Amino acid sequence: MTIERQRPVSDPIVIDDLEHLSFRVDRRAYTDDDLAAREMSRIFDRCWLYVGHESEVPGPGSYVARDVGGRPVVMARGSDGVIRVFANSCTHRGALICSQPAGQARSFRCPYHDWTFSNRGDLVGVPIPDGYGPGFRKADFGLAQHRSDGYRGFVFVTFDPEQPRTLTEYLAGATEYLDLIDDQSEVGMEVIQGAQLHGARANWKLMMENSVDIYHFRALHKRYVGYMESLGSVPPQRRGGFGCALGLGHGANELPPAAARPLAYWTPMFGTEVRPRIEATAARFVDRFGAERAERITGTNRAVLIFPNLMIIDAIAITIRKIDPVGAGQMAITSVALAPKDEDPDIRELRKSHYLTFLGPAGFATPDDIEIVESCQRGYLNRTVRYSDLSRGMNKKVPETTDELPAREFWRQWDRLMHGDDGHLEVAHRAETQGAEPR
Amino acid sequence: MTTELTVDEAAQVRLWHRVSQFLFREARLLDEWRLLEWYDEMLTDDIRYSVPATDVRGETADALGLIDDDAARLRQRIEQLLNGEVWCENPRSRTNRMISNVEILTDRGTHLDVAANVVVYRFGHGRSDSYVGKCRFELVVEGESFRVRRRVVVLDHETLYEHGKLSIIL
Numbered sequence: 085m086t087i088e089r090q091r092p093v094s095d096p097i098v099i100d101d102l103e104h105l106s107f108r109v110d111r112r113a114y115t116d117d118d119l120a121a122r123e124m125s126r127i128f129d130r131c132w133l134y135v136g137h138e139s140e141v142p143g144p145g146s147y148v149a150r151d152v153g154g155r156p157v158v159m160a161r162g163s164d165g166v167i168r169v170f171a172n173s174c175t176h177r178g179a180l181i182c183s184q185p186a187g188q189a190r191s192f193r194c195p196y197h198d199w200t201f202s203n204r205g206d207l208v209g210v211p212i213p214d215g216y217g218p219g220f221r222k223a224d225f226g227l228a229q230h231r232s233d234g235y236r237g238f239v240f241v242t243f244d245p246e247q248p249r250t251l252t253e254y255l256a257g258a259t260e261y262l263d264l265i266d267d268q269s270e271v272g273m274e275v276i277q278g279a280q281l282h283g284a285r286a287n288w289k290l291m292m293e294n295s296v297d298i299y300h301f302r303a304l305h306k307r308y309v310g311y312m313e314s315l316g317s318v319p320p321q322r323r324g325g326f327g328c329a330l331g332l333g334h335g336a337n338e339l340p341p342a343a344a345r346p347l348a349y350w351t352p353m354f355g356t357e358v359r360p361r362i363e364a365t366a367a368r369f370v371d372r373f374g375a376e377r378a379e380r381i382t383g384t385n386r387a388v389l390i391f392p393n394l395m396i397i398d399a400i401a402i403t404i405r406k407i408d409p410v411g412a413g414q415m416a417i418t419s420v421a422l423a424p425k426d427e428d429p430d431i432r433e434l435r436k437s438h439y440l441t442f443l444g445p446a447g448f449a450t451p452d453d454i455e456i457v458e459s460c461q462r463g464y465l466n467r468t469v470r471y472s473d474l475s476r477g478m479n480k481k482v483p484e485t486t487d488e489l490p491a492r493e494f495w496r497q498w499d500r501l502m503h504g505d506d507g508h509l510e511v512a513h514r515a516e517t518q519g520a521e522p523r
Numbered sequence: 020m021t022t023e024l025t026v027d028e029a030a031q032v033r034l035w036h037r038v039s040q041f042l043f044r045e046a047r048l049l050d051e052w053r054l055l056e057w058y059d060e061m062l063t064d065d066i067r068y069s070v071p072a073t074d075v076r077g078e079t080a081d082a083l084g085l086i087d088d089d090a091a092r093l094r095q096r097i098e099q100l101l102n103g104e105v106w107c108e109n110p111r112s113r114t115n116r117m118i119s120n121v122e123i124l125t126d127r128g129t130h131l132d133v134a135a136n137v138v139v140y141r142f143g144h145g146r147s148d149s150y151v152g153k154c155r156f157e158l159v160v161e162g163e164s165f166r167v168r169r170r171v172v173v174l175d176h177e178t179l180y181e182h183g184k185l186s187i188i189l
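Residue numbers (our numbering), protein chains in the order written: chain A, 85 to 523; chain B, 20 to 189.
In short, the hints are calculated from the structure, not lab data. From a predicted model like this one, the values you see are computed outputs, not experimental measurements. Heads up, the beta-carbon is just placed ideally off N, CA and C, and yes, glycines get one too. Any given hint might turn out to be false.
[Stated by the list, open to error] Computed Cβ-Cβ distance ranges for the label pairs, DEER-style:
1) VAL138/B - PHE220/A: 49 to 59 Å
2) ASP505/A - PHE142/B: 41 to 51 Å
3) ASP59/B - ARG249/A: 54 to 64 Å
4) PHE142/B - GLY226/A: 44 to 54 Å
5) SER183/A - TYR140/B: 28 to 38 Å
6) SER39/B - CYS460/A: 40 to 50 Å
7) ALA303/A - SER147/B: 20 to 30 Å
8) ASP263/A - ARG37/B: 53 to 63 Å
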């Protein structure tokens, strides 16, 4: 009989050493199936998770069906105009009550026995009802409704009835960044149709790290940098900006644009024809918000990580990236573009065009990100090197964008939740700088 | 007993044969990474190459896709692929394109609308993937041959979850 030597259970995954300015993550965090299962119960069953944007259910009766935290759900706007998130599972025997990814419905009918639910979740139809006794009440069999809430159009759900925080409390400092996104239109933002649905054979956390990692930009994305330089743009490298921790695992990078921004920041790569329109928009933002905040909304790039699995990147276009674990070694990625509802049609075309240049599974950058996270996952198969290092910027009061503070903030919250600490006290206990003061 | 082709049918068969040979050559150049030859000899100056998103599949006019290249961006894509800067295509993946169901939908004399099915097998970096799709070509007649002016590949996959990325030209 073989007795395998296992590491003691107290063996830490995250080694956060403020004294020696060292931050290491044991690579088991990316490969271990037990840890992946525990993430589902300790993180995805408890946190507020992004479901979608309210523009995806624009009118009464519209719905989307998708997986959130590994669970099939339906986000539906009822005939009463209220957005609800339901378990996509019939209360009778459990089949999906909605198998279309999106659409318009007054009711959802389970195909198994024709139980029918209104778009507000009430059970309204049961065939051959005389098979049930007097104790059977339809009111007991409505769709399971999850606790959901929205912040500036971003809809989240939590599967934890005991979740102590409201959504706004949970989002902590990230609300400021969602404000900077949603303030980009007076009539509201909308998701552009056409989702980029792809994935990677790597642990989901590698893509979260990658999405707030600007250090890799010049190395891995040489071809994109070359393309930008050919258009007269300056890629990021110590061009100012800062990385920050926003509390409760959220973090962000904020930096001057490397290229044009379709909202209201013109550079020659957009062509001279749209220049007056873009500059007029910029002027309207100054009128609405004052010069300083207008500059931050229109003339600054940002990448925001919302714990655990949402990334919003606002640069040459805005992408919302939802990254879902599928076991330890695989992830599913859903990326969509967000834009002002009232955008000029020519500028909308520029936005889409430049979105595709960089982003998505066939862009000039994202495919290399996919390949490199898969490469990391393969590298971990050689277990000799036990730790990954995420210490960049621990020596600075204000970490730069090429540092790793947002990723450390992610890992610190991950570590607290994996230890069953819901993180009430962590803000006071944090010793490391939060990054720059908001401007 | 054999049935003779009518003159009209014979002309159609010849045209279909020329179109098929053209598409087979295109597939071969792409498989052999002769991308500049493909770009220079088989496409028009105003080529548009697009791959719609797998959810809306090109049915929604204003939707975002996966690829929407004009000539300049396609040229950029090719140069990147050839100069080794595309990390996920270095070393180059091996591909094998199967073109079938070639059908000339409309013949407008100077332009043809052509449909075809395609399966692209891709092997590289320890992975094997297949991309399955329906192609629509707008071909401009140029003497005895053609140039591609519009090239749309509508993928049949629900998602690219298995593939992760689309780093080759389909």
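Hint by hint, here is what the structure shows:
no.: 1; hint: VAL138/B - PHE220/A: 49 to 59 Å; in the structure: holds, 52 Å
no.: 2; hint: ASP505/A - PHE142/B: 41 to 51 Å; in the structure: holds, 46 Å
no.: 3; hint: ASP59/B - ARG249/A: 54 to 64 Å; in the structure: holds, 60 Å
no.: 4; hint: PHE142/B - GLY226/A: 44 to 54 Å; in the structure: holds, 50 Å
no.: 5; hint: SER183/A - TYR140/B: 28 to 38 Å; in the structure: holds, 30 Å
no.: 6; hint: SER39/B - CYS460/A: 40 to 50 Å; in the structure: holds, 44 Å
no.: 7; hint: ALA303/A - SER147/B: 20 to 30 Å; in the structure: holds, 28 Å
no.: 8; hint: ASP263/A - ARG37/B: 53 to 63 Å; in the structure: holds, 60 Å
Checked against the numbered hints above, the structure violates none of them.
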